[in-house]
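Protein chains: 4
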Amino acid sequence: MIRVGIIGATGYAGIELVRLLTQHPQVELAHLVSHSYVGQDVAGIYKNFKGILAKDLEDMDLDVLAGECDVVFTSLPHATSSEVIPKLVAAGVKVIDLSADYRYNSAAVYEAWYGVPHPDPALLAQSVYGLPELHRDEIKGAQLVGNPGCYTTCSILGLYPLLQAGLVSPENIIVDAKSGVTGAGRNPSANTHFCEVDESMKAYNVARHRHTSEIEQELSLAAGQEVLISFTPHLIPMKRGILSTMYANLTGAYSHADLMAAYEKAYGDESFIVLHEEGSLPEVKFVNGSNYCHIGFVVDQRLKRVVVVSAIDNLVKGAAGQAVQNMNLLFGLPENTALSAPGWYL
Amino acid sequence: MIRVGIIGATGYAGIELVRLLTQHPQVELAHLVSHSYVGQDVAGIYKNFKGILAKDLEDMDLDVLAGECDVVFTSLPHATSSEVIPKLVAAGVKVIDLSADYRYNSAAVYEAWYGVPHPDPALLAQSVYGLPELHRDEIKGAQLVGNPGCYTTCSILGLYPLLQAGLVSPENIIVDAKSGVTGAGRNPSANTHFCEVDESMKAYNVARHRHTSEIEQELSLAAGQEVLISFTPHLIPMKRGILSTMYANLTGAYSHADLMAAYEKAYGDESFIVLHEEGSLPEVKFVNGSNYCHIGFVVDQRLKRVVVVSAIDNLVKGAAGQAVQNMNLLFGLPENTALSAPGWYL
Amino acid sequence: MIRVGIIGATGYAGIELVRLLTQHPQVELAHLVSHSYVGQDVAGIYKNFKGILAKDLEDMDLDVLAGECDVVFTSLPHATSSEVIPKLVAAGVKVIDLSADYRYNSAAVYEAWYGVPHPDPALLAQSVYGLPELHRDEIKGAQLVGNPGCYTTCSILGLYPLLQAGLVSPENIIVDAKSGVTGAGRNPSANTHFCEVDESMKAYNVARHRHTSEIEQELSLAAGQEVLISFTPHLIPMKRGILSTMYANLTGAYSHADLMAAYEKAYGDESFIVLHEEGSLPEVKFVNGSNYCHIGFVVDQRLKRVVVVSAIDNLVKGAAGQAVQNMNLLFGLPENTALSAPGWYL
Amino acid sequence: MIRVGIIGATGYAGIELVRLLTQHPQVELAHLVSHSYVGQDVAGIYKNFKGILAKDLEDMDLDVLAGECDVVFTSLPHATSSEVIPKLVAAGVKVIDLSADYRYNSAAVYEAWYGVPHPDPALLAQSVYGLPELHRDEIKGAQLVGNPGCYTTCSILGLYPLLQAGLVSPENIIVDAKSGVTGAGRNPSANTHFCEVDESMKAYNVARHRHTSEIEQELSLAAGQEVLISFTPHLIPMKRGILSTMYANLTGAYSHADLMAAYEKAYGDESFIVLHEEGSLPEVKFVNGSNYCHIGFVVDQRLKRVVVVSAIDNLVKGAAGQAVQNMNLLFGLPENTALSAPGWYL
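Protein chains in written order, with our numbering: chain A, 170 to 515; chain B, 170 to 515; chain C, 170 to 515; chain D, 170 to 515.
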């Protein structure tokens, strides 16, 4: 059994990890750390676990975690993660970090978008970006995985094959993304109040959302040149799910089949990528509750442009599910262990 | 492997059966019958199954079903079920019926509430009411199970122990129940149009909803005398879930602990009943997606009355999940096989 | 022009007052008081007023309010209202209070349900309960109106005529009420977080919600004897609206027409009461955005019981609209001035 | 009094016209035509009008409408409108058509996007495109107004000033639009079923939605050259509202103030355009229920691109409200008569 610790277990990503891992046949939930609820039973906070899981929440003790866990998931605010993780890494524990602190290839990019110098560039250099469809081999050998952001996972997976194959121009790429409210986290605020969210929607952090930089990093790798994108996140009155609508100019007179060939080449064997045939497009209900990423696209011959639509569950493939997928890779398990359930649809 | 057939596989209860059974380790989905989509892949209708399940939908052929299935789930309108089931039963197949046709102990009660004579009283007499918490032993030996209604499961489980123990009066019982819209089924109508449902709610079929008779049948058994109830269903702007709020007059000066003792006696070993301690009450998000029934209550000493609140997912414990639970009993499997996942909460 | 002051203008009831009063032909919004946003433009907080209303929010100055307003609406927490209102009343200003502080005939009842002695029993004795359909004449001559609660308005209006006419027993009355989330106010909390509310519902404050006492006060007046009720509020995933489902035992073999006669006698000339004919029942979408109260009922001859359903918009007839209705009465205006718009339905 | 007829009064746009016009001081609702509900009271279908409007729905009789109405609103499917309108126009009645049939300057464009030859090019040539902010003077003198589509109103108003002023390039314009479900109309279908829509979202009609052509027509006029756009509509789980997020490349190093100057020049005196200052952006709740169009934008200096966000209520400024605005213009009334209410926010 893999002994698992979760730091930040009562946040929305943390509790989704608990939900998924209670169904994992090779996991023991050894330590659940929650600053706010020390000493309380997790099933008293999230009562869906009544009768299923009885486990007291603990204060963070890195020595205990290092001594009694094989892997620790850290779900902390950025810049807080990097205060904790170096000690765990030094103690030889594997770490999967759900914050932004270990997602970057360049400390300078981190500083540009987060407004502070990266706290630990040396460890950053050792960390691996935890998007298995792009970096599976590095992940397998890593000790520290920077688990990607939700918007970023959805957007990168949608565009990567087209840039890699040179079928679209790196200029004028637009990513218009829409997210459910769990993406804003558990902390109550005017932004998450039911009466401010329901029957409404909005764009936010336009031209300055930090996930922009993560998307650009990976798409630039794909294209072999710098890719800069317009990224606009929107808040939608639903709990889970992200839909990214992406626009890119074709570099030639390509058909749907031409583009599909690039997707199939990139994703042919992937467990969690579902490609939609021509005439079909992803919807959020297809993926909610699941670790799948659905991708579809329309070639607009009139404008020589492709419109790509991708969908994930932000809490699963966009956070906790991808983290479990990374854990499976780290421990040599089948990659879809505990992750094979279909989306809920209803 | 248990070879399973589902008649009505693309209705909401039917597709929920598919969702649950794709995760069942001892089930082979042998035949999926759908009148509307013969010859189409189920994953083309419910695209959450893309990449997970490829299975063509078939027209109904009772000979094939009888010959190639160990158990058939029938999810058909009432009165239609009873045209199909006798042939399957005669052929020796086990049948779990999600319609109302085989839920009653008395053909006369059926006729009184459904307005037509029962089509097959002899088979009705052999069928077993599929609420495992009350009729587990009969279910194990049954060939035909009448799977209970959604409102009825939620309401009976909430009140049964109190009537059985004589702690509440059979007079003046009120069941005020609230359901999500999946309970209205997949057929589009003004009643299920998003713009007619969202930001609104309503009571319907007041004093004449057919589930009244099912609840009264089981509560009368519990009380050992006739119990008549006021039952009011409401439509709530959510997809899944039922919350029943029930009012009964205490027969003595009982405390919360007195009533809890009755619940614990009735449900002590049950896998899917979760009792809430004093001060805590069920909410729909605790059970959605799961087969659990949560029950809590408040003793109103001022009025000598108890208010019981119970919650289930109408598609799971109220339909497909309970049907799988019954299948597990019919085939001697652990009762919670494929049913142990917690509610989604988010 | 009536010079109006609003204390608590940026709470949900306060801003609904602003919304309604911007359409009132005889009102000048003289002072908007908001503790949290002093010095900011109201249209910067509630941006639906951009281009419509430019008005700075002010700190509370009772001398200014007393000197420059003809009427002040107070939308403050209970026990806070009663620190402010005596000074305004002493200065001769008319006051419509949306808190619970001046709704009671008896200081003892207030103390029993609010847990503190009433801070000003003398002024309480002068105040009038602001439900125009029951107390119109007293309101017209009042200086201080205690504007009723939302649940209470909906429930009292639904049951009053039947108790007054002696058609139902005062025993065993059940009020099962369901509210949208605006009823919980603007303050963000776990209770109002979109992800905790959407796709879920719950009962709360069972057997101890304070509105119980207000309903009992008015129904006891109607019945001419003490009426005690079970009152259960529920939180529903919608922004606005209350639906009350109420159960009462008939005192005789009455028909729908018999009961309708009592309603028509009680409400024949009322502007804001809409009675549904047999076979029709209120829904929240009929009243949302409006000051109307819809009432319908089903006579259950099987059980000798009536089920009454009433619906209001909790922010309008349950708070701000009723307050404007009271203001119209206080100033001799047509009662429906600025209140005649139909519900939104969509 | 203006005698008004509405053909298609029980569709969502039609009933919104009824809602707005019951508050219009100079309108008499003379004839409400509804194919489906002939002889029934409108308040029996839309029960929000109970106690407010009693008016029987009629079959369509063009002679009666022509003889007894000063203006007729036609809310019919495209190609059906053009069977009816010529007779009304010939009879001298003013007509405001909410279908697509009279929105185009070119019959060829209509044919290209609607797949049928325009049925009446001569009358098309006389009709005026009913977007008052762009064509006010022509509307005033028109007999037939082609009321714009919902997506088109929102998108054109957001981009027009920038193209007119030459601040953005006509190349590479992206319009990513999101709509509530009322935009899909009242007819129940899988697309509008609550359980298919709630907690989900999707893109649809990508690269081929007909509103594309309407937007291109007006933006080309603004730019003085052909403008072709990518237009992607999305369905969002809300009843009302459209948010358009639009991307255009700047033609120079312009600041927010430079662009704002163009908007102010274009819309300085407009009643229904609300411009957001730098740092603020429209949200759907600001406009729902109202005839206002909110516009805001972010200049992305990094990419030399502007992101414009505009919001309207699709049923009001996107349909019925704009139609009333046009009626006010046709009859020389203040343009905002019956249209000055703020958005609901809650």
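Derived from the structure by calculation, the hints contain no laboratory data. Mixed in with the good hints there might be a few duds.
Heads up, the list lumps identical chains together, so a pair's fine if it works in one copy or across two of them.
As the list claims (entries may be wrong) - Mimicking SDA-like on lysine to any residue, the simulated pairs with C-alpha atoms at most 20 Å apart in a straight line are:
#1 473 <-> 376
#2 473 <-> 374
#3 371 <-> 357
#4 224 <-> 283
#5 263 <-> 251
#6 263 <-> 171
#7 473 <-> 341
#8 371 <-> 449
Nothing here was measured: the structure is a model prediction, and the numbers come from that model.
### Query
Looking back at the numbered hints, which does the structure fail to meet, lowest number first?
Number 4 only.
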